[in-house]
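**Student:** Sequence:
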Amino acid sequence: MGEQRKYTITIFANPYVLVSDETEKHLMSSASLVDSLMTEIATKVGAENVVRVAVLAAVKLASKTLKLEDKISRNNYEVELLADMIDQELKTLQKF
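Start counting the sequence shown at 161; every next residue gets the next number (my numbering).
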């Protein structure tokens, strides 16, 4: 883990102070993603209820996260299958 640093980010025109060991670039990119998503949602559903906009953004990000985790899990399973196939082929070749 890196050193904890204090950052100020702006999301949906509101400043937030964060303490994190993430890099500034990572936090700014994350904040930009959330800000863009909230702005996109607000243009569709209205910006009157900021909490609603934030919850909808959180649900969308959670959905993307779950899809990516599922994809990673499937890819890891496929890698294990391929590694097993390679091991079997190597064992077969060693018999010669």
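If you're looking for bench data, these hints aren't it; they were derived computationally from the structure.
Being a predicted model, the structure only gives us computed values, none of them experimental.
Each hint should be verified, as a subset may be incorrect.
Cut-off 27 Å, straight-line C-alpha distance, at most; resulting in silico cross-link-like pairs (BS3-like, lysine-lysine) [stated by the list, open to error]:
#1 Lys224 - Lys251
#2 Lys231 - Lys220
#3 Lys251 - Lys220
#4 Lys227 - Lys185
#5 Lys255 - Lys224
#6 Lys185 - Lys220
#7 Lys231 - Lys255
#8 Lys231 - Lys185
#9 Lys224 - Lys185
**Student:** Given the hinted pair Lys224 and Lys185, is their alpha-carbon gap at most 27 Å?
**Tutor:** 21 Å, holds
**Student:** Hey, Lys185 versus Lys220, does the alpha-carbon distance stay inside 27 Å?
**Tutor:** Given that 27 Å is the threshold and the Cα spacing comes to 22 Å, the pair holds.
**Student:** Does Lys255 sit within 27 Å of Lys231, going by the straight-line distance between their CA atoms?
**Tutor:** Not satisfied, since the Cα-Cα distance of roughly 37 Å exceeds 27 Å.
**Student:** Check whether the Cα positions of Lys224 and Lys251 lie no farther apart than 27 Å.
**Tutor:** 41 Å, violated
**Student:** With the threshold set at 27 Å, check whether the alpha-carbon distance from Lys231 to Lys185 stays at or below it.
**Tutor:** Within the cut-off at roughly 26 Å; holds.
**Student:** Check whether the Cα positions of Lys227 and Lys185 lie no farther apart than 27 Å.
**Tutor:** 24 Å, holds
**Student:** Does the alpha-carbon distance linking Lys255 and Lys224 stay inside the 27 Å limit?
**Tutor:** Judged against 27 Å, a Cα distance of about 47 Å means the pair is violated.
**Student:** Hey, Lys251 versus Lys220, does the alpha-carbon distance stay inside 27 Å?
**Tutor:** Given pair Lys251, Lys220 is violated - Cα atoms ~47 Å apart, limit 27 Å.
**Student:** Starting from Lys231, check that the Cα of Lys220 is at most 27 Å away, please.
**Tutor:** 17 Å, holds
When held up to the earlier numbered hints, the structure conflicts with 1, 3, 5, 7 and fits the remainder.
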